[in-house]
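A.B. asks: In case you want the letters, here they are:
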Amino acid sequence: MATVTASAPRALPAVLKNRVIAKLALLALAAAILVPLANARWASGSWPEALTVDLTQPLTGASDWIIDNRDSHPLFLYFFGHISNAVVLSVRAVYLALLTIGWAGVTALGAFVAWRVAGVRLALGTAAAFLACGLLGMWVPTMQTLALMVVAVLASVVVGALLGLAAGLSDRMDRVLRPVLDTMQVLPAFAYLLPVVLVFGIGVPAAVLATVVYAAPPMARLTALGLRGADKGVLEAVESLGATARQRLLTARIPLARKELLLGLNQTIMMALSMAVIASVIGAGGLGDRVYQALASVDVGAALAAGIPIVLLAVVLDRVTAAAGAGTGQRPRAGWPYALAAAVAVAVAGRLLGRADWPDTWTVNIAEPVNRAVDWMTAHLYSGVPVVGGTADWAGHFTTWVLDPLRDGLQWLPWWSVLLIVAALAWLIGTWRTALTAVLAMAAIGVLGVWEPSLDTLSQVLAAVAVTLVLGFATGIAAARSERFERALRPVLDVFQTMPQFVYLIPVVALFGVGRAPAVAAAVVYALPAVVRITAQGLRQVDPAALESARSLGATSGQQLRQVQLPLARRSLLLAVNQGVVLVLAVVIIGGLVGGGALGYDVVFGLAQGDLATGLVAGAAIVCLGLMLDRVTQPTERRAKKGA
Amino acid sequence: MRTRTSVLAAVALLAVTTGCGAADMTKQASPFANAQGSKSVTLSVQSWVGAQANVAVAQYLLEHELGYRVDTVQIDEVPAWDALSQGRVDALLEDWGHPEEEQRYVKDKKTIVNGGDLGVTGHIGWFVPTYFAEQHPDVTDWKNLNKYADQFRTPESGGKGQLMDGSPSYVTNDKALVQNLDLNYQVVFAGSEAAQITQIKQFAKEKKPFLTYWYSPQWLFKKVPMTEVKLPAYKEGCDADPAKVACAYPHTPLQKYLNADFAKSGGEAAAFLRKFKWTTEDQNEVSLMIAEQKLTPQEAAKKWVDSHESTWKQWLS
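Protein chains in written order, with the numbering used here: chain F, 1 to 644; chain X, 1 to 317.
Check the hints yourself; a few may be wrong.
Below, a sample of chain X positions facing chain F; criterion: calculated Cβ distance under 7 Å [stated by the list, open to error]:
#1 74
#2 173
#3 186
#4 189
Simulated from the structure, these hints should not be mistaken for lab results. The structure presented is a predicted model; accordingly, all values stated were derived computationally and were not measured. Just so you know, even glycine gets a beta-carbon here, dropped at the ideal spot from N, CA and C.
Turn these sequences into a full structure, and let the hints steer you where they fit.
C.D. replies: Put into C-alpha cells, the structure is as follows:
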C-alpha cells in the first residue's frame, strides 16, 4: 500500500495499474464462484458433452432439401436461377469480347488505360505483364480468369458500395453490418463454397458469388469510412446553399470520399484475385484450374507457370488502381479518346494481320527448369546437411518441442480455465465488451462440439504467429533502417502475398514432410509480408524530432531503436500482431491440405465429401477462433477510432 | 424520375437477357464452353492422374476423330455426381463406388445413368515400400504390424506408428481399422494426394520405412515399388457398418456415369463414351507419361492414341 501513496505524483500509471488489478480481482472473484459450480456439474478437462449442440441432423436435412428441390422449387426457378443465368451471361459476354479483341488488342487496351490512369511506366509494365502471360502459354486461361474477375469485381463493388452507403449514412446500420462484414471476411471460403455449390451447382456462378462474399467487405468498410470522414466544413457550406440530402450526398460526400472509394476498389480487386484459385476447386476454370490440375501430377513448375500470371495481374491491377487513388499521372481528359482509338486500331490490325489467338509457337516452357530447381532444393536440404541438419529434422524438432507441448498443454487445460484466460487477456487489452465477445466466441466453439480440434488449430496458429512476428519484426526493422533493402524487398513481398498458396503446397511438404510443420511454414510465408510492411511503416513514421533529440543525447543506434522507435511505434506493432493472427488463420485450410489436420482438414473434408455438417461446423469454429483472437489482440483505442 | 426510369430499364434488360419466367438451372453450361460455336462435351476430371489419363484420351479422340470441342472441369468425386445430375458436366469416367449417390441419382431421381465398366479394376489397401518388405518379409501381414510400429514412427504420429492417409475425398475406413484390429498406429491425413505423393517420394529417396494408404492402378508404383500388407480378407458386406469395419477393401470394377439427358441425346459422343473401355496397363502408360515425363495430358494422349489404334477403333464403331 505504501508504494501507492509514494507514487502519488505519477498518478496515472498507478491508476492504470490499479485498474488492471481491479479487473483481475473481479475476474478472480467471478471465477471463484462459477468454477466450483461448473466443475461440480461437468468435471472434465475437455468441453462437457452436456453443453454441446449437434447440428448434424438439421444441416444434413437442409442439404438434402436443397438437392431434392433445386430443379423444381420456385425459389430456385424464379430467384437463384435468374441470378445464375445473369452471371453466366455476363461472364460469357466479357470473355467473348476479350477473345474478339485478340491478344494484341487486350494488351494495347490494358497499356493505354494504365497510361491514362497511372503514367508511362505502369503502361509499359502492364503491356509486359500481358505479354508474359502469353509467353507462359497461359493466354486463354488468363482471359477466362480476367472475365470472371471483371464480373466478380463489378458485383462486389456494387454490393460493397450499397452496404457501405447504408453504413456510412446510418449509425444503426453501421452497428448491424459490422459483425456481418467481419464474418464474411473471417469465414474461410472453403466453408461456404459447399452451400454455394449446393444452391448454384459447380461452375462460374458459384465461383462469382463466393468471390463477392469475400471481396465486398473492404469496399463496404472503406465506403462507410469515406462518407463518415467527409470534411464537416464543406458539408455545412453545401447545406447552407440549400442542397437537399441527396444533392449533398452526390455533390459533396461521395466526391470527397473519392480516395477511400478507390482504395476500396483496389482492396476488392486484390481479394477477388486471391479467390481465383480457391474458386477453381468448384470448377471455375481459368488460371486457378491450371494451378490445381498441375498439383494432381505433383508438378510445381506447371503450377508456377499458371501462378505467375495471377501474380502479374494482381501487381498490375494493384499499382494502377493505387495510382488512380493517389491521383498521380492525371492528365487532361482529352487523351482518353486517342488512347481508346489507338487500342482499337491495334486490335483491328492484330485481327487483320493474323489470328486473334496467342500464337502457339511463342511460348516459353518454364516448368522443366523450375522442377529441376525444386528437386535439387529438396534433395539437398531435406536431410543430411552437416551440423545444422536438414529441413525435415528442423520440422521434426519444431513439431516435438513446440507444437506438441503447445497442443497438449491447451487440450490439457480444463475448459473453464481456457475461458478465464481468454476473458483476462481480452479485458486487459480492451473493455468488458470485447472480453465478453471473446469468451462467447470461445464458448460457441465448445457448444458446436469441436473443442479438441479447435485447440489443436489454435496451437498451430499461435506457433505460426510467434514465428511470423520474430521474422517479421526483424525484417521490418531492417527495412525501416535501409531504404535500399526495402526497395529490394518489395517485389519479394508482393510475390509472397499474391502467389496462390496452392503453388507452395508441394514445396513445403517436400521440405518439411507431411504434418503440422509444413502448415505452419505455409502460414508464415503468407502472413509475413503484412507484418513486415506494417512494422517498417510504423517505425518510419516515428516523430523525427524525438529521434533527433535521442541522438543528440548520445544514444547508440540500438538504444534509439529500443527506447524511442519501438515504444513510439507501439500502435503499429500491435496492428502487425493483429494482422499476423488474422492472416495466419486464413491459411488454416492450406494446412489441412498438407497434413495439418484439425479444423482445416474438416473443412476440406466437408467440401470433398459434400458433408455440410462437418464442413460448415468446422468453418464456423474457425470464424469463432478468428473473432476471439481478433478481440484478444486488438486494443480498444483502435476500435473507438474506427467507429468515429 | 431519371433514376426510376433507369431502374425500370435495368429490370427490363435483365428480364430480356435472362428470359422471363422460370430459369432452368440444369441447362447452364460453363460460359467458356463452346466459344467457337461447335458441338461440345464437358468431362469432369478428378484429382488423381489416372482420371486425368482417361479424360485426356477421351478428349483427344472426341476432338480429333469426332470433331467435338471438349471442356474439362476439375472437381472432386462427390461434387462431380452433383454436377452430373444437374447437367453441368456430361460424364464422369472413373467412379470408385458411391452407393449413397447411386441410390439418390441413378435409382430415385433418374438424372444419371450408368455408362458401363471402364475396364480398370481399382483396389485400395495398405502398402509398405518393397525395399522394406524384402528385408522384413513378415511385415506384409497385418498381425505383425505392431512389431514394426516403432520403425514407422514420425513426429506427427505421437508415440505410435504412422499410417499415412491421403486426400479427404478418398474412401477410407482406416481409423476404424486401426481401432478394430488393435493396432498401435496413428492415422495421419496428408490432406491431399499431392502432399502424400511428395512425402512418399521423400521417404523413398532415403530408403526409410513407411506405411501408407494407397491404391492401384497408380503410376507411382513404377517409381516407388510398394508391397501390399494383407488385411483380414474382404467379404461381401463386411464394410457395411463404418464403425465396425475389420476387413480389407474390395476390388472394384471402376464405372463410368453419364448425365441422363446426355446419354439419350448426346449422339456420337455419348455412344463413344459408353464404349470407351481400356486396361489398367493402358491407363498406367498414359498416367506415367503425364506424371513422370511431365508431358501435358494432350501430348500423352496423342502418343498413346498413335500406338494403340486397334484398341480405340472399336470405341468409334
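A.B. asks: Of the numbered hints stated earlier in the document, which are not met by this structure?
C.D. replies: Going through the list in order, the structure violates hints 2 and 3 and respects the others.
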